[in-house]
Amino acid sequence: MITKLNHVSLFVLDQESAYDFYVNKLGFKVNTDAEMGDKGRWLTVNPPEQPDLELTLIPIDEKMMFDKESAEQMRRLVAAGTFGVGAFECDDMLATYEELKAKGVNFKKEPTQEFYGFSAVFQDDSGNWFSMSEKSKAK
Amino acid sequence: MENLPKIYLYRRIVQAKLFIDSNYAESIDAGKIADEACYSKFHFIRTFKSIYGKTPHQYLTAVRIEKAKGLLETGTSVTETCFSVGFDSLGSFITLFKRRAGLTPSEYRQSKLQRKQQIIEKPLSFVPGCFAAQIIHSKNSNFREAK
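Protein sequences appear in the order of chains A and B. For the first sequence, the numbering used here assigns the number 1 to the initial residue and increments by one for each residue that follows. For the second sequence, the numbering used here assigns the number 1 to the initial residue and increments by one for each residue that follows.
Derived from the structure by calculation, the hints contain no laboratory data. Owing to the predicted nature of the structure, the values given are computational and were not obtained by experimental measurement. Note that beta-carbon positions come from the ideal geometry of N, C-alpha and C, so glycine has one too. Don't take each hint at face value.
[To be verified] Have a look at the derived ranges for each label pair, beta carbon to beta carbon: (1) B/CYS130 to A/TYR116: 26 to 36 Å; (2) A/ARG76 to B/PHE83: 25 to 35 Å; (3) A/ALA102 to B/GLU107: 34 to 44 Å; (4) B/LYS122 to A/THR82: 28 to 38 Å.
[As the list claims (entries may be wrong)] Derived pair list, reagent style SDA-like, types lysine to any residue, alpha-carbon separation capped at 25 Å: (5) A/LYS29 to B/LYS98; (6) A/LYS103 to A/ASP92; (7) B/LYS116 to A/ASP52; (8) B/LYS6 to A/GLY104.
[Said to hold, decoys possible] So, partial list: chain B residues that the calculated Cβ filter (under 8 Å) puts toward chain A: (9) LEU18; (10) GLY53; (11) LEU103.
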């Protein structure tokens, strides 16, 4: 029986720049940072309150998973904003939106009240996009 | 945005939060931040708490503990860490740290340094199996792990 999801592959154009985006802008924690010699660097981050879900920042190059042709295709698709990768939850939508915007994060959709709740959509530095919703507050 | 006053209010609180994020090592007074954000101290603390679930002072302490973790992970000594992140008493730093992190600063430092060493010696044991196999077996790889 599968019990949980512990790793997700996130394909990025530049691993160092993705590190800056996820750690310094989104405030994620570095979980594992391992040099693999000529195979590159195994780098995972996790949302602050989810230490057991590792997002693996995998550079789209020929070192680990791609051949030359598929790397080129994949880089184009990611940069074009083709992939919606996941949905994040935040504790306060407007505060999180204002903070990320102040840090230069690009929003495809500003916080909007929809029939399913308050939601926004932002992109990482590669072009991957995520939706963000607000955890319901018991006030 | 439809509700302009609300967003302006949020913006000022977010700026105060970002101020704490950048100046955590200094002595920060909530009253001073409230003045800069054009709030009465009471209103500022209440609004900050409603957004972040912590008072500005509790939030400052949480930021300092997180920054302390980062320094300890790089091998900085407990004493140097304590004063670098803005605490002025080693005793209260150790007590607060243990309460938040479940370990004393030196235990935390030791466990993180050990993990870092394990990552250097056996990186593949931190990589899920299928990816590890790909790293080992892929064409032209000269990756070798320490035995």
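Structure-based check of all given hints:
Evaluation of the 26 to 36 Å hint for B/CYS130 and A/TYR116 yields a pass: the beta carbon distance comes to about 35 Å. For the pair A/ARG76 and B/PHE83, the beta carbons lie near 50 Å from each other, so the given range of 25 to 35 Å is not met. Look at A/ALA102 against B/GLU107: about 36 Å separates their beta carbons, and that is inside 34 to 44 Å. Under the hint 28 to 38 Å, the C-beta atoms of B/LYS122 and A/THR82, about 36 Å apart, fit the expected range.
The straight-line distance between the Cα atoms of A/LYS29 and B/LYS98 is roughly 20 Å, inside the 25 Å bound, and the hint therefore holds. A hinted pair counts as satisfied when its Cα atoms are at most 25 Å apart, and A/LYS103 with A/ASP92 qualifies at roughly 17 Å. At most 25 Å may separate the alpha-carbon atoms for a hinted pair to count; B/LYS116 and A/ASP52 meet this at roughly 17 Å. At roughly 21 Å between alpha-carbon atoms, B/LYS6 and A/GLY104 fall within 25 Å of each other, so this suggested pair holds.
Annotation: B/LEU18 was flagged as interfacial toward chain A, and the flag holds, the nearest CB pair being 7 Å apart, inside 8 Å. At about 7 Å, the closest approach between the beta carbon of B/GLY53 and any beta carbon in chain A falls short of 8 Å, and the interface hint on this residue holds. Look at B/LEU103: its Cβ only gets to about 14 Å from chain A, farther than 8 Å, so that hint breaks.
Comparing the model with each numbered hint stated earlier shows that hints 2 and 11 do not hold.
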